Amino acid sequence: MNDWVRENKLKNIIDSVTGFIEGSPVINVGFKGGDLQTRLFTASAILTLIVLTAPPTGVSDSALRIVTLASAMTGAIFLMTGLVFTARTHYAGIVLTALPLIFKLLVGWQWRWAAVVIGLLALSGSLLNLTTRRCGLNKMLHISSV
Amino acid sequence: MKNEPGDAACRYSATRLLAYYLLVIFFGFLSSELLVELNANYPLDEFMKIKELLSSTMNSTGRADDVLVTLWSLLSTFIFVLPIGWVYMLTKREEGIDPSLVQTIIVLGMVVCGVMMLLQDNLARAFGLVGVVAAVRFRNTLKDTKDAVYVFLAIGIGMGCGLRAYHIAVWLSIVMCAVLYVLWKFRVGRTAAGFEVPALTNASEPEKTKGKDKKKNKGNEAAVALSGASLKRIEENLEQTERLRRLATLLADKNKGIKKPNAALIIRATSAAEAQHRLDRVLTNGGQAWHLASASFSERDGGKLEYLGRMDQATSPATLIERLRQSGKPYVRDIEFIYLRGLKKQKNADESDGSERLGEGE
Numbered sequence: 001m002n003d004w005v006r007e008n009k010l011k012n013i014i015d016s017v018t019g020f021i022e023g024s025p026v027i028n029v030g031f032k033g034g035d036l037q038t039r040l041f042t043a044s045a046i047l048t049l050i051v052l053t054a055p056p057t058g059v060s061d062s063a064l065r066i067v068t069l070a071s072a073m074t075g076a077i078f079l080m081t082g083l084v085f086t087a088r089t090h091y092a093g094i095v096l097t098a099l100p101l102i103f104k105l106l107v108g109w110q111w112r113w114a115a116v117v118i119g120l121l122a123l124s125g126s127l128l129n130l131t132t133r134r135c136g137l138n139k140m141l142h143i144s145s146v
Numbered sequence: 001m002k003n004e005p006g007d008a009a010c011r012y013s014a015t016r017l018l019a020y021y022l023l024v025i026f027f028g029f030l031s032s033e034l035l036v037e038l039n040a041n042y043p044l045d046e047f048m049k050i051k052e053l054l055s056s057t058m059n060s061t062g063r064a065d066d067v068l069v070t071l072w073s074l075l076s077t078f079i080f081v082l083p084i085g086w087v088y089m090l091t092k093r094e095e096g097i098d099p100s101l102v103q104t105i106i107v108l109g110m111v112v113c114g115v116m117m118l119l120q121d122n123l124a125r126a127f128g129l130v131g132v133v134a135a136v137r138f139r140n141t142l143k144d145t146k147d148a149v150y151v152f153l154a155i156g157i158g159m160g161c162g163l164r165a166y167h168i169a170v171w172l173s174i175v176m177c178a179v180l181y182v183l184w185k186f187r188v189g190r191t192a193a194g195f196e197v198p199a200l201t202n203a204s205e206p207e208k209t210k211g212k213d214k215k216k217n218k219g220n221e222a223a224v225a226l227s228g229a230s231l232k233r234i235e236e237n238l239e240q241t242e243r244l245r246r247l248a249t250l251l252a253d254k255n256k257g258i259k260k261p262n263a264a265l266i267i268r269a270t271s272a273a274e275a276q277h278r279l280d281r282v283l284t285n286g287g288q289a290w291h292l293a294s295a296s297f298s299e300r301d302g303g304k305l306e307y308l309g310r311m312d313q314a315t316s317p318a319t320l321i322e323r324l325r326q327s328g329k330p331y332v333r334d335i336e337f338i339y340l341r342g343l344k345k346q347k348n349a350d351e352s353d354g355s356e357r358l359g360e361g362e
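Each protein sequence line maps, in turn, to chains A and B.
With my numbering applied, the first sequence corresponds to residues 1 to 146, in that order.
With my numbering applied, the second sequence corresponds to residues 1 to 362, in that order.
In short, the hints are calculated from the structure, not lab data.
These numbers come from a predicted model, not from an experiment.
Treat the hints loosely; a few may be bogus.
[To be verified] Some residues of chain A that are not near chain B, with every Cβ distance over 10 angstroms (derived):
#, residue
1, Leu40
2, Val51
3, Leu52
4, Pro55
5, Ser62
6, Ala63
7, Ile118
8, Thr131
[To be verified] Partial selection, computed: residues in chain A whose CB lies under 10 angstroms from chain B:
#, residue
9, Leu36
10, Gln37
11, Arg65
12, Ile66
13, Ala70
14, Ala87
15, Ala114
16, Val116
17, Met140
18, Leu141
19, His142
Using N, Cα and C, we set each Cβ at its ideal position, and we do this for glycine too.
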């Protein structure tokens, strides 16, 4: 880890969600190729989770648990491919592993609206990464998907 | 303690491997959770195989029992096979040790143990294994007949542990080690046949040898030092230099004005693609013409890039190596510079460092 990471650990975590990197001209998210497909898949998966979790949809808790577990499993597979094949699927892996489990936890506590809010934050962060072509998580992991 | 050049790469690979296994365990946990959830909400009684999978997933006690037995058997095999590896290294010092065979002996025993645990008394599985082994073609021409004995011994111990006959495995290990050691110690089969066998120099008592004996032993020392792995390494280096020379000849093209390269750079990297991306900037900078001659990857050494080019008088190899090292961080593991035109008169001794080798293979 370099000094930049050490000194700005907390800021990095926030940046990784929002995709905003202050004073950094580094563009590390590509317009095409790289991990664009997995990023789009992640965004659509988050959107699906938000829609299913929103109370007006009326999806049962058990069905939601199954969906979140399946999503987390997909994320774990993305992470594994990132480790083994050095494919640039780390972003999709980390987001899709952590977020569905948070959803599962919040649904278990009957805090569905909280899950929706967190999901919307993650989705906006994901879309911001795609539009600004910058990703704090990529920077932390020294990965460029350009 | 000084860090070896490959340490960082090894640590990186080990961390990645550990992270991967943690993820596999996490994935297993998630899938078992999913199966339980599915079973609780949807009727899966008609799906027999899923039902079996579910029962095995939920039977955590049974699984833990199997896991413990497997671990115990593998550990026993490792413990019993390890002395075989030591005895092999001890008894084969003179002829030259094959490091891959030492590892094969240890790993083969453990693999056979696992296979025997899978087969147990099942005849159909045994026939299946015959087919699989035939497909894998696990054959190797061993230089010494005794090497095959070590391999068989590892198989025997592995079978013993796999079938939970630990008492047989442990005695097989102890007795065979003793027998092999005695055979080597008393040089059975050599002295009886009347061959004069040079004695191995005892490194701890070099002062005791004098006169003719000293000369003789020095010869033996050199022979021992050059035996096995050392000779193999020298051969590999010579082959590499010769190959690079041929490539340099092929690259030269008078019509296109490409001069014959007079130097080669061998770069080992944790990630060949990233290293190439960074090094190309240095190697093509300032009109220097370095060409990527080959790129390869191996599980043991990682990525390897071979460049051919011309060195001008102004740049010293040490400077070039330093520049490459700086720009290739953190992907470049080690850099080797080889002159292809033969021995070069060294103008400034201070400029050379340990990484560069002049006139290699001359």
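*asked:* For the restraint on Val116 of chain A, tell me whether the closest CB of chain B is nearer than 10 angstroms.
replied: 22 angstroms, violated
*Is it correct that the beta-carbon of Ile118 of chain A has no partner in chain B closer than or equal to 10 angstroms?*
Per Cβ check, Ile118 of chain A is outside 10 angstroms of chain B; nearest 20 angstroms; holds.
*Per the CB criterion, is Gln37 of chain A less than 10 angstroms away from chain B?*
Constraint on Gln37 of chain A not satisfied, violated at 20 angstroms.
*Evaluate the condition: distance from the CB of Thr131 of chain A to the nearest CB of chain B exceeds 10 angstroms.*
26 angstroms, holds
*asked:* Let's test the interface hint: is any C-beta of chain B closer than 10 angstroms to that of Ala70 of chain A?
replied: 7 angstroms, holds
*Please confirm whether Leu40 of chain A is truly not at the interface, meaning its C-beta sits more than 10 angstroms away from all C-beta atoms of chain B.*
Answer for Leu40 of chain A: holds, closest chain B Cβ roughly 23 angstroms.
*Could you check if Met140 of chain A really has its C-beta closer than 10 angstroms to a C-beta on chain B?*
Because about 15 angstroms separates Met140 of chain A from the closest Cβ in chain B, which is outside the 10 angstroms limit, the hint is violated.
*Per the CB criterion, is Ile66 of chain A less than 10 angstroms away from chain B?*
OK, holds: Ile66 of chain A within 10 angstroms of chain B, min 5 angstroms.
*Can Leu141 of chain A be said to touch chain B, with a Cβ gap under 10 angstroms?*
12 angstroms, violated
_Reported absence of Leu52 of chain A from the contact zone with chain B (all CB gaps over 10 angstroms)_ = Correct as stated: the minimum Cβ-Cβ distance to chain B is 15 angstroms, above 10 angstroms.
*Under 10 angstroms, Cβ to Cβ, is where Ala114 of chain A needs to be relative to chain B, so tell me if that hint holds or is violated.*
Since chain B brings no Cβ nearer than about 22 angstroms to Ala114 of chain A, farther than 10 angstroms, the hint is violated.
*Grab the minimum C-beta distance from Arg65 of chain A to chain B and call the hint holds if it beats 10 angstroms, violated otherwise.*
Holds. Min distance 5 angstroms.
Violated hints, listed in ascending order, are 5, 6, 9, 10, 14, 15, 16, 17, 18; each of the other numbered hints is respected by the structure.
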